[in-house]
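J.: What follows is the residue order along each chain.
Number of protein chains: 2
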Amino acid sequence: MPSSESSSGRSGLGQVDRPRRGRPRRGPDPERLQEIIDAAATVFLEKGYDGTSTKDISDAVGMLKGSLYYYVRSKEDFLFEIIKRVYDAALVSIQPAVELEGDALTRLRAFVHAHVGFAVKNLTAFTIQLREFERLSPERRLEITAGGDAYLRALRGILKDGQREGVFDEKIDVSFTALAILGQLNSLTQWYRPNGRLSVKRLAENFAGLVITSIASDSAVQSAGGPSKLRRSR
Amino acid sequence: MPSSESSSGRSGLGQVDRPRRGRPRRGPDPERLQEIIDAAATVFLEKGYDGTSTKDISDAVGMLKGSLYYYVRSKEDFLFEIIKRVYDAALVSIQPAVELEGDALTRLRAFVHAHVGFAVKNLTAFTIQLREFERLSPERRLEITAGGDAYLRALRGILKDGQREGVFDEKIDVSFTALAILGQLNSLTQWYRPNGRLSVKRLAENFAGLVITSIASDSAVQSAGGPSKLRRSR
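Residue numbers (the numbering used here), protein chains in the order written: chain B, 1 to 234; chain H, 235 to 468.
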């Protein structure tokens, strides 16, 4: 959940106090800003955040370094915007799964599909978010995960619901399991390549099969007709 | 498996062609070298590989930068040594699990315990290996995973054995599943803290429970008396 500090726009990006000479007063064009952020993400992915200079970014966008300062104040502002935008968008993408009608098993399956689909579609920014989060200042990190990590909280909520409903093993450690599930899904950033052997749908189905059988209760497995059937149910 | 290039010592580290003036000819002290490598790993973890200078490393070990060149030729040599050493040691640590008498289910459980135990015990170097592997040159990467990734191959071997034995679901995609399991286990580097809530033993048991039920066959689940019993069997 973004803190009020974030929503009041103190991130510094696109918040130019005094417009530079010859520039319109209404601030940077949002589309151009997103293009620049995407370009920065590509450079960060290739060179690593610490190995990237603002010059590398301005070269990648084909702008003079000075002009870049119209959009951003520092390299960390880029990292913050990349991570904040992808984190917030990921949260939006899982919302339908969280709010889905049906038991927690159905919602967890939908969550896995939404998460994997989002990660693959936003692979560069998503990977940066995982790899370089620690490079943000403590204040910036807190700005993104203020009030606790909303993403993890959503997953923990589904797991707890499922325990109450009896579809997930009542004895699994929910906090640990939520981290382990997200860790498993996120590991795709290390080996997934677009146009690889597995389609995105198949990838998500494979993940969902593993995740669901790893925590399903005895009765959920029984009513599915065994773990192999549960693993492949859609 | 290390390539012959690696075993012939062309990594450059500790391989000083012409001993420097006043130095004994027999090369650097292995213990001191390991200390320096460990210190470098700590600095890499904190600052990121790209954000670390050789000066940072020499400061951390309390040596003059010039003296460091007795042990190492470049920053990448440090990264290579950290990763090569921890990768080879991890391979050694899982060997007993791979060679264990018993069915693949028993061996997979032992593999998870060995892997988690090793990762926790070597957390800094293990984390560097995961985070900064891509920062090595293609030649260096190949030197570590020559002939394919031996670690992943060992895990795939256990999975295939288990399919033949009928304890693992014959329809799971072995290549995908091996990556997903390792990804799940390795995600502990993102949140595990020594002296945290979970003991290492409990952590490994929790992981083993998820991993085994995620791929167990119908008959393995049945003979264990249900997924919840299988999840908690030792």
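Keep in mind the hints are simulated off the structure, nothing from the lab.
All figures in this text were calculated on a predicted structure; none of them were measured in a lab.
Treat the hints loosely; a few may be bogus.
27 Å max Cα-Cα, derived DSSO-like pairs, lysine-lysine [said to hold, decoys possible]:
#1 H/K299 <-> H/K281
#2 B/K75 <-> B/K65
#3 B/K47 <-> H/K289
#4 H/K463 <-> B/K171
#5 B/K55 <-> H/K289
#6 B/K160 <-> B/K75
#7 H/K281 <-> B/K75
#8 B/K229 <-> H/K289
#9 H/K289 <-> H/K309
#10 H/K299 <-> B/K160
#11 B/K75 <-> B/K121
#12 H/K289 <-> B/K75
#13 B/K84 <-> H/K394
#14 B/K201 <-> B/K121
#15 B/K47 <-> H/K394
#16 B/K47 <-> H/K309
#17 H/K309 <-> H/K355
#18 H/K318 <-> H/K355
#19 B/K171 <-> H/K435
#20 B/K75 <-> H/K309
#21 H/K394 <-> B/K55
#22 H/K355 <-> B/K229
#23 H/K299 <-> B/K47
#24 B/K201 <-> H/K318
#25 B/K121 <-> B/K84
#26 B/K47 <-> B/K75
#27 B/K229 <-> H/K405
#28 H/K394 <-> H/K405
#29 B/K201 <-> B/K229
#30 H/K281 <-> B/K47
#31 B/K171 <-> B/K201
#32 B/K55 <-> B/K65
#33 B/K171 <-> B/K160
#34 H/K435 <-> B/K160
#35 B/K65 <-> H/K435
#36 B/K47 <-> B/K65
#37 H/K405 <-> H/K435
#38 B/K84 <-> B/K171
J.: Tell me, which hint numbers fail for this structure?
T.: Hint check: 6, 8, 10, 13, 15, 21, 22, 24, 31, 35, 37 and 38 fail, others pass.
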